[in-house]
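For reference, the chains in residue letters:
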Amino acid sequence: MSDNKGDEKPVESKVDQEEKRVGVFVCECGVNIGGVVNTKAVAEYIGTLPGVKVTSVNKFTCSDSGQADIQAKIKEHNLNRVVVAACSPKTHEPTFRACIEEMGLNQYFLEFVNIRDHCSWIHMWEKEKATEKAKDLIRMGTERAKLLEPLQASEVPVTDKALVIGAGVAGMQSALDLADMGFQVYLVEKEPSIGGRMARFDKVFPTNDCSICILGPKMVEVARNKNIKIMSYSEVKAVDGYVGNFNVKIEHKPRYLDVAKCTGCAKCSEVCPVEVPYDFNEGFGTRKAIYVPFPQAVPLRALIDKENCINCKACAKACQSGAINYDMQTSYTDLNVGVIIGAVGFKTYDPEPRHDFGYGLYDNIITAMEFERLLNAAGPTGGHVVRPSDCKEPIRVGFVNCVGSRDKATNIYCSGVCCMYTIKNAQLLKEKRPETDHTVMYIDIRTPFRAYEESYNRSRNLGVKFLRGRPVEVKEDPVTKNIKVRVEDTLAGEMRNLEFDLLVLATGIVPNEGIGQIQQLLKLSKAADGLLMEAHPKLKPVDTTIDGVFLAGCASGPKDIPYAVSQGSACAGRATILLKNKKAITEGITAVVDPDVCVGCNVCIPMCPFQAIKFDEKAGKANVVKALCKGCGTCVAACPTGALEQSHFKNNQILAQVKNVFKFQEVAV
Amino acid sequence: MSAEAATDTKTNDWEPKIVAFCCNWCSYGGADSAGMGRFQQPASARIIRVMCSGRIDPLHVFNAFLEGADAVLVTGCHIGDCHYVNGNDKTKIKYKYLENVAHELGIEKERLQLNWISASEGEKFANFIRDVTAQIKKLGPSPLKPEGVA
Ligand SMILES: Cc1cc2nc3c(=O)[nH]c(=O)nc-3n(C[C@H](O)[C@H](O)[C@H](O)COP(=O)(O)OP(=O)(O)OC[C@H]3O[C@@H](n4cnc5c(N)ncnc54)[C@H](O)[C@@H]3O)c2cc1C
Ligand code: SF4
Ligand code: SF4
Ligand code: FES
Chain L
1 MSDNKGDEKP VESKVDQEEK RVGVFVCECG VNIGGVVNTK AVAEYIGTLP GVKVTSVNKF
61 TCSDSGQADI QAKIKEHNLN RVVVAACSPK THEPTFRACI EEMGLNQYFL EFVNIRDHCS
121 WIHMWEKEKA TEKAKDLIRM GTERAKLLEP LQASEVPVTD KALVIGAGVA GMQSALDLAD
181 MGFQVYLVEK EPSIGGRMAR FDKVFPTNDC SICILGPKMV EVARNKNIKI MSYSEVKAVD
241 GYVGNFNVKI EHKPRYLDVA KCTGCAKCSE VCPVEVPYDF NEGFGTRKAI YVPFPQAVPL
301 RALIDKENCI NCKACAKACQ SGAINYDMQT SYTDLNVGVI IGAVGFKTYD PEPRHDFGYG
361 LYDNIITAME FERLLNAAGP TGGHVVRPSD CKEPIRVGFV NCVGSRDKAT NIYCSGVCCM
421 YTIKNAQLLK EKRPETDHTV MYIDIRTPFR AYEESYNRSR NLGVKFLRGR PVEVKEDPVT
481 KNIKVRVEDT LAGEMRNLEF DLLVLATGIV PNEGIGQIQQ LLKLSKAADG LLMEAHPKLK
541 PVDTTIDGVF LAGCASGPKD IPYAVSQGSA CAGRATILLK NKKAITEGIT AVVDPDVCVG
601 CNVCIPMCPF QAIKFDEKAG KANVVKALCK GCGTCVAACP TGALEQSHFK NNQILAQVKN
661 VFKFQEVAV
Chain B
1 MSAEAATDTK TNDWEPKIVA FCCNWCSYGG ADSAGMGRFQ QPASARIIRV MCSGRIDPLH
61 VFNAFLEGAD AVLVTGCHIG DCHYVNGNDK TKIKYKYLEN VAHELGIEKE RLQLNWISAS
121 EGEKFANFIR DVTAQIKKLG PSPLKPEGVA
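Protein sequences, first through last, are from chains L and B. With our numbering as the guide, the letters of the first sequence map in order to residues 1 to 669. With our numbering as the guide, the letters of the second sequence map in order to residues 1 to 150.
Chain B on its own, in the form it takes in the complex (with noise of 0.2 Å):
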């Protein structure tokens, strides 16, 4: 990408896409809440529900952005809230690798979350969608988006 379209993409106008995977108990009934409690967020994340955090493979995190995806957000229960007893501890260690391995394909950290978030935490949800968005809009769209994907 040139570097005025890098700028011209950083204005304001220009909204990131996020890929948020959320598990179907916690995350996802936290995006729900944010939603019933009517938390504006803009408009970047798409949802992918699994059933837990643990289902999250690199493989669907890595072709998100070969895709073109500015970020990815890996979200579920809170530890010891799994509704699987402990599936998200096996995120949080897979985690460590998912940013081993974006860190050596020169995505920036900021790119790459990890959040826990309850059913309830509505307003947790939205803010979370609204820093990250803000965090990638000063970076500018991602440097594995291939031509032609906004």
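For reference, chain L alone in the conformation it holds in the complex (with noise of 0.2 Å):
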């Protein structure tokens, strides 16, 4: 067996010599597959090729009987090699691999053929030709898998600490939750406090309990935790390694002053003579240029915004801490960690650019974010809504719906939680000022979980109207500065003219700006939607593609709070499984170099993004370190001599595919 190849590679030359007994499966999906691609003829034709042994057609391949099915065969007929032919391997390979790992065959010995996403689906109304092209589909999968070699998938120690980006309702649950569980934790924050959103609403919907009193507890609660280590007003630079190892690189950005000995006593707010705009007031009201985020802010510290400082020195004066410091630096701080949870949330959609329904025309337009703010008793004006041209407080007020949702100008989704919030805005200055008048123009409105509905109603019989129709117009009265809307009335099928004194728009949720850098560093894809991706919209909702890297919260797809809440958990929970096993399994495919073929050319080398190619000096030759390489397989496309293979991808494993895209042809070992 062995004895003619000497020492190298035993296993391997075994398997080279065995015969290939390969059995074929193909699965009808339900009708998924079979509705189109007649899987009997398909089945049959395979079954003609040399070393197909068996061939099988199931109504679902990946069900208990199917699975059944597959390990009955591998029995019966002796099989070494196994072809399932059906949706992705993306989502199913891990299950037939481990169904025929239970037979006692190497997990690479399964090769996967997607003949419903690339073949079924997209070729519904050709079924000739969906069936004709399965067969080549599941014949160069057939000749592929006859030249598949057994590989080990290798396990990888995990950093128990975790890393969660974003300190929003959703990162902070996954935050608690992981340090309840003894982890240590590192919390990232780009503002200088944490809460994210929830921290600037006045009552949160459906039960409209007050936001901050429910948020402040949790805020502090994490600011106690022993085993979370906050870092706000920073933001992760560079990410590398993979599951179980992660090396961080963070960013702080200076204070310029020292946190140790700030108290928040914000007594240098007070000297301060620079007054700007109160972002955390979504600009309404001034702040100075040295401040305290807000009054329920975590850590409860001040800092220096710079660009607006003039540097009159006024706040040192008055620290009575000596905390201040303006020279300040930019600071990093390098973790390992095991696992990354983003929870990085969402921005609203800006109807500026655009002038949405009159948006940054008119005056008295506001978004829903701007009036949450004027609603909140801790807000600029102490709780009372008031318009913006004149400062007097609305009777008649408008609200629109799905702004920069729902809509093929803007983004084709729904925002989902813009019905429920605008429900609760009216609701809430209803009760405030009975005497105010409120009319929400939507397109459809929508209030699916509990207490929902029932909100829905209470706004109702409290006599919020709800108008079904989008204002076709939208004017300012010049002297009045009061709001003139046209919008039909669907139901009734006639068009009204309305005047508001306020119009409030309910936007909607869309990625923020620094989620394209999270992306790129985590290696996630983004949504149609441009928000992050999960690694299965059903059955994965918080993993991603990357092993130990999850998502929770709005960063992954617009969520009300609750459900954030339930996904910063599911994050803990799933990351959990790493951080106590201590262990992960990665991929056993790497890249391998035949030393008795290298020419020592040093090609390979710099192709590699993550050094794992080193040049052994004694032998003159290129080696990869395994525990290094990824197995993406650039570097053997490089290398000029054929020393270099990717295993599981070799060079005559690809082929056998591609020459069997056109006819049957065997391709040589």
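Note that these hints are calculated values from the structure, not bench results. Glycine residues also receive a C-beta, built at the ideal position from the N, C-alpha and C atoms. Warning: the hint list may mix true and false statements.
As the list claims (entries may be wrong) - Partner residues aside, some chain L positions facing chain B, computed with beta carbon under 7 Å:
| # | residue |
| --- | --- |
| 1 | D117 |
| 2 | K481 |
| 3 | K523 |
| 4 | S525 |
| 5 | A528 |
| 6 | P606 |
| 7 | G633 |
| 8 | A637 |
| 9 | P640 |
| 10 | L655 |
As the list claims (entries may be wrong) - Only pairs whose alpha carbons sit at most 27 Å apart, straight line, appear in this in silico DSSO-like list of lysine-lysine:
| # | chain 1 | residue 1 | chain 2 | residue 2 |
| --- | --- | --- | --- | --- |
| 11 | L | K540 | B | K124 |
| 12 | L | K129 | B | K96 |
| 13 | B | K137 | L | K129 |
| 14 | L | K190 | L | K347 |
| 15 | L | K583 | L | K249 |
| 16 | L | K526 | B | K138 |
| 17 | L | K538 | B | K124 |
| 18 | L | K249 | L | K267 |
| 19 | L | K650 | B | K92 |
| 20 | L | K90 | B | K92 |
| 21 | L | K249 | L | K392 |
| 22 | B | K124 | L | K129 |
| 23 | L | K523 | B | K96 |
| 24 | L | K127 | B | K92 |
| 25 | L | K526 | L | K538 |
| 26 | L | K663 | B | K138 |
Please dock the two separately framed chains into a single complex, following the hints provided.
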């Protein structure tokens, strides 16, 4: 067996000489495949290929009975290669690898052919062509299968520490859960305080409890937890490594004061002469150049906004703790963590550039976020909703739903929360000032979860009017500054001309500025809405395609608070599997150098983004460090001598597919 | 190939054979998303999955042409999004070389195409296959196609 090859690769040479006994399992996926592709004809044809000992058609190959069929046929026909022609390997390859492994076959002896997503689903009305294509694809897979070689997946150790990026309600929940399970957590937040969006709301639907009253204690809990290290006013600058062992560089922006000395008393703000629009209040009112972000901020520490500071040094004199340090520099921390949770949230759609519904043109049109701040007792007006043109309290208030959502010109998706927060906001103002009159202009009202429909009914009972229709024209009365809206009442089938003292736009959820950077650092994909993409929309909603990286909250699609919090906990749970086991399984696919063929030209070395190829000075040959190699195969394509091969994607394995696109052709080992 | 055979195969019935190399993380996912979104496409493409577009070797591309491919597609993640940092940067450079060789061999430029498609861009994937198929139908079968290969 292995004698003629000496001591090299004994396993592979044994396998090379073994007769290839292939079983091909064609899945109908109910009618998903079976309704288009003639699976019987396909199986019959594939059965004629040399080496194919058995073919089988299953209604659902992934079901218990489907897998039992594979296992029975492996035994009965002594199969040593298995081809499954079904859906996508991206979702189902692990299932079938495990299935054949249970029968003692190496898991890499599985070849997965996609005849659903890449065939029946995209050729729904071309049954014959789809059937021919399925034959081609499975023939390609079968010939590749014959050349597959055994590999061992490797185990890597997992550092039992976690990084959570973004300290909104979702990220805080992840951090708390992980910390309570005993793991060290680094919670990185780019703003000077944790809390995220929820810290700005007045009340939260559906029960209208005071937002900061429920969030504040959670923020304090995060700060008190000994296992959580908050890194506020900080951002992730670099990430490398892989599951279990990520090396992360965190940048700390200078606050220009020593947080250890600052007590958050805000004496400094009192003396600071500079006033700028207050970002936390959506630009309403002002703050100083040195300021504490908001009264419940965690950490409750001041910071200097250097862009606006005039360097008068008044604050340094006022600070009794001597905390001010104008020369503070950006600093960095290097972390090593086993898992990363991305909870970077969202921003609201900005109607300014397009002047949607007159926003930015007329004073008395504001966004819902601005309305939230006006409504808030701790907000710029002490909880009095006033209109910007004359600071008078409005009587007639109009709400426009789906601004920047469900609209081909902006975003086609539904932001999910705007119906509910509009219902909430109208209700809150109506309760505060019963003399007010509210009209919500909507496309559809969506209230899917517990107590949501009840909240909608409550608004109606309070007298909030709901008008189905989108404004077609919005104008300002130049004298009164009132807003005149022309809207079609699509239920009554008539045009209505309405006049409001204030118009509020329900702006949707869109990706925030930094999302592209986070996507690239973590090597994630973006979904069509521009937010980050999960590994599977249904079955792996908080996992990503990168092992050890998870997503929670609005970072991966619009969500309300309960949903964001659930995802925060879900991430902690998923991450704990790795953190507690202290090990992760990684793919066995790597590059391998054949020293007999390598001429030591070093072409491959700079190709590798992971510095996995080292030059062995003594032998004068390249050598792949398996623990570092991620198995991309880029070096392999660059090697001029063919000394480098990528296991599981060897040249002959790929060529077997290429050649069999056209007709049956056996490819040599 | 004779002139009339060429015109014959240019009729709408002829389905070109296109070999599409896709990276596991982005463009293969894009092809999956096309399926999930039921974006219908001509049944011309045969996808070969590699882990990264950087793995695509001139050997694979020109073998596909020699075997009878009417077009070969090199696809991967958008620049900056490669799962392995920058494998696609190297693909981009290598692609220039592929283009030159293809030109030398008399292969029209429509027959070799490079595209970056993310895992969510199902519609883009489908449109790409549709566009390339239409272009190739106009050109007819590849000049390198061996006798007897459809
Ligand atoms: C006007 C309005 C009213 C709403 N009212 C309600 C309501 O009443 N009830 C309800 O259930 N839901 C409501 N929602 C929805 C609610 O806001 C979200 O469900 C919730 O905020 C999601 O939390 P999150 O943690 O995912 O995101 P966020 O709250 O956005 O938190 C994300 C955090 O990550 C930080 N961050 C972002 N990028 C980075 C980075 N690169 N590095 C480090 N940190 C970063 C941000 O600064 C932020 O602190 C409302 C939404 C809007 C727009
Ligand atoms: S490119 Fe190939 S031949 Fe050159 S050093 Fe690397 S493995 Fe050896
Ligand atoms: S396969 Fe990729 S990761 Fe592995 S050594 Fe080659 S270039 Fe580096
Ligand atoms: S992984 Fe897609 S191009 Fe590298």
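Quick rundown of the hints versus the structure:
Interface hint status for L/D117: upheld, as the beta-carbon distance to the closest one in chain B is roughly 3 Å, under 7 Å. A cut of 7 Å between beta carbons decides the hint on L/K481: the least distance to chain B is about 44 Å, and the hint is violated. At its closest, the beta carbon of L/K523 sits 5 Å from a beta carbon of chain B; the interface hint therefore holds under the 7 Å criterion. A least Cβ separation of about 4 Å between L/S525 and chain B falls short of the 7 Å threshold, and the interface hint therefore holds.
For L/A528, the suggested interface contact is upheld, since its CB lies about 5 Å from the closest CB of chain B, less than 7 Å. With 7 Å as the threshold, the beta carbon of L/P606 stays out of range of chain B, its nearest partner Cβ sitting at about 10 Å, so the hint is violated. Nearest Cβ of chain B to the Cβ of L/G633: about 3 Å, under the 7 Å cut. The hint holds. With a least beta-carbon distance of about 4 Å to chain B, the hint placing L/A637 at the interface is held under the 7 Å criterion.
Contact between L/P640 and chain B, as hinted, is not supported at the beta carbon level, the nearest pair being about 11 Å apart and thus beyond 7 Å. Hint status for L/L655: holds, given a least beta-carbon distance of 6 Å to chain B, under 7 Å. Restraint check: the Cα-Cα separation between L/K540 and B/K124 comes to about 24 Å, which is no more than 27 Å; the hinted pair holds. For the proposed pair L/K129 and B/K96, the alpha carbon gap of about 34 Å is over 27 Å, so the pair is violated.
Restraint check for B/K137 and L/K129: the C-alpha separation of about 16 Å stays at or below 27 Å, so the hint holds. Among the hinted pairs, L/K190 with L/K347 is consistent with the structure: their alpha-carbon atoms are about 14 Å apart, no more than 27 Å. Taking the CA atoms of L/K583 and L/K249, the gap is about 23 Å. The hint holds against a cut of 27 Å. Simply put, L/K526 and B/K138 have alpha-carbon atoms about 35 Å apart, too far for the 27 Å limit, and the pair is violated.
Restraint check: the Cα-Cα separation between L/K538 and B/K124 comes to about 23 Å, which is no more than 27 Å; the hinted pair holds. This hinted pair does not check out: L/K249 and L/K267 have alpha carbons roughly 34 Å apart, beyond 27 Å. Restraint check: the Cα-Cα separation between L/K650 and B/K92 comes to about 22 Å, which is no more than 27 Å; the hinted pair holds. For the suggested pair L/K90 and B/K92, the alpha carbons sit about 25 Å apart, so the restraint of at most 27 Å is met.
In summary, the hint linking L/K249 to L/K392 is not supported, as the alpha carbons are separated by about 50 Å, beyond the 27 Å threshold. With a CA separation close to 22 Å, the supplied pair B/K124 and L/K129 stays within the 27 Å bound. The suggested pairing of L/K523 with B/K96 holds, with an alpha-carbon distance near 26 Å, which does not exceed 27 Å. With a CA separation close to 37 Å, the supplied pair L/K127 and B/K92 exceeds the 27 Å bound.
Using a Cα cut-off of 27 Å, the hinted pair L/K526 and L/K538 holds, with the two alpha carbons roughly 16 Å apart. Straight-line distance between C-alpha atoms of L/K663 and B/K138 comes to about 24 Å, which keeps the hinted pair within the 27 Å bound.
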